[in-house]
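Participant: These are the residues of each chain, in order.
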Amino acid sequence: MTDKVTITIDGESLKVPANKPLIATVAKLGHYIPTLCDYKDLMPAGTCRICTVKANGRFQTACMLKTSEGLEVENNSDEVLDLRKSILEMMFVEGNHICPVCEKSGNCDLQSIGYRYQLTVHKFPHLYPKRKLDASAPNLMVEYNRCIQCRRCIRGIRDEDDNAFFFFENRGNNVKLVIDPSMFDKLTPKIANAAAKICPVGALMKKEPGYQIPIGKRHYDKEPKSYKKENKV
Amino acid sequence: GVVKDLERLEEIANVVRKSSRCGLGQTAGNPVLQSLTKFKDSYDKRVSQELEFISEFDLEESLRKAREGIS
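Listed in order, the protein sequences are those of chains A and S.
Take the first sequence: its position 102, counting from 1, is numbered 886 in our numbering, and each next residue is one higher.
Take the second sequence: its position 50, counting from 1, is numbered 729 in our numbering, and each next residue is one higher.
The set of hints was computed from the structure by calculation and includes no laboratory data.
Be aware that a few hints might be false.
[Stated by the list, open to error] Short derived list, chain A residues pointing at chain S, Cβ under 8 Å:
{"hint": "1", "residue": "Met827"}
{"hint": "2", "residue": "Gly830"}
{"hint": "3", "residue": "Thr836"}
{"hint": "4", "residue": "Asn840"}
[Unchecked claim] Restricting the straight-line Cα-Cα distance to at most 30 Å, the calculated cross-link-like pairs of lysine-lysine (DSSO-like) are:
{"hint": "5", "chain 1": "S", "residue 1": "Lys724", "chain 2": "A", "residue 2": "Lys838"}
{"hint": "6", "chain 1": "A", "residue 1": "Lys907", "chain 2": "S", "residue 2": "Lys683"}
{"hint": "7", "chain 1": "A", "residue 1": "Lys970", "chain 2": "A", "residue 2": "Lys824"}
{"hint": "8", "chain 1": "S", "residue 1": "Lys719", "chain 2": "S", "residue 2": "Lys744"}
{"hint": "9", "chain 1": "S", "residue 1": "Lys717", "chain 2": "A", "residue 2": "Lys869"}
{"hint": "10", "chain 1": "A", "residue 1": "Lys907", "chain 2": "S", "residue 2": "Lys744"}
{"hint": "11", "chain 1": "S", "residue 1": "Lys719", "chain 2": "A", "residue 2": "Lys907"}
{"hint": "12", "chain 1": "A", "residue 1": "Lys914", "chain 2": "A", "residue 2": "Lys838"}
Built from N, CA and C at the ideal position, the CB exists for glycine as well.
With the rest of the complex left out, here is chain A (with noise of 0.2 Å):
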């Protein structure tokens, strides 16, 4: 597991630690893959698909991919941000994101990501999806017009003997984040607190008064998502 391997991404030889999650290494050496599913100790789940990366020849999320000897990765050629680009452009359309209103504008990782991008005009029809809001369960909504089905909830908000909060209804086109009925005793504000920061959009909202945070004191005020941020550099 030591052992060191040599990968080369966007032409540059790196030594690394084999059989580690990619984008998590090459991360504190500077290069950023961006990621809306994955989270810092969580399983990666390969979900979101933003962090798409040419490895070899073959399209792989960075998430899910292990480094190993001879690695050659594409992380910022002109293929890879297209497809990036689109996939994040789906993401946009297939909800109905509206950042001026959203109380997580500028601590949303996907609006983030978006102005990383430089996302202006979308090439895609919107869908304007007709969604309601659930606001059934103790101290945490989910506003279901900003959720991406990233996973993150599901996996990482656990109570201690690690049952889930979440869950997803229906299949395919039709899929739904819902909160289980039988944890709403559990959903302490601390638990939501914690859903509503793990959530890369605004989906999960605690039920509090809104946008405490002034603006120029949020996340990416300043700056977009990068590896510095994620990192703390």
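With chain A held as given, fit chain S onto it using these hints.
Facilitator: Below, chain S without anything else, positioned relative to chain A:
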């Protein structure tokens, strides 16, 4: 539809093919892409060659009431 819709169809099919995790997604674009290349005539007959964009609503009709109110 318009010609641009066909281009968009091709683009979406390519994105799905390249970025899917499982075999279903990786091949889901194939029928669309193949029919686009092999039956181009049929597609072309069904899309408008002149128009650049087809509006979802009729602007004149939507403004009619307001105009009648003025005159």
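Participant: The structure should be examined with respect to each hint, and the outcome stated for every one.
Facilitator: Right, here's what the structure says about each hint:
| no. | hint | verdict |
| --- | --- | --- |
| 1 | Met827 | violated, 15 Å |
| 2 | Gly830 | holds, 6 Å |
| 3 | Thr836 | holds, 5 Å |
| 4 | Asn840 | violated, 15 Å |
| 5 | S:Lys724 / A:Lys838 | violated, 37 Å |
| 6 | A:Lys907 / S:Lys683 | holds, 10 Å |
| 7 | A:Lys970 / A:Lys824 | holds, 24 Å |
| 8 | S:Lys719 / S:Lys744 | violated, 43 Å |
| 9 | S:Lys717 / A:Lys869 | holds, 29 Å |
| 10 | A:Lys907 / S:Lys744 | violated, 33 Å |
| 11 | S:Lys719 / A:Lys907 | holds, 22 Å |
| 12 | A:Lys914 / A:Lys838 | violated, 36 Å |
Checked against the numbered hints listed earlier, the structure breaks hints 1, 4, 5, 8, 10, 12; every other hint is satisfied.
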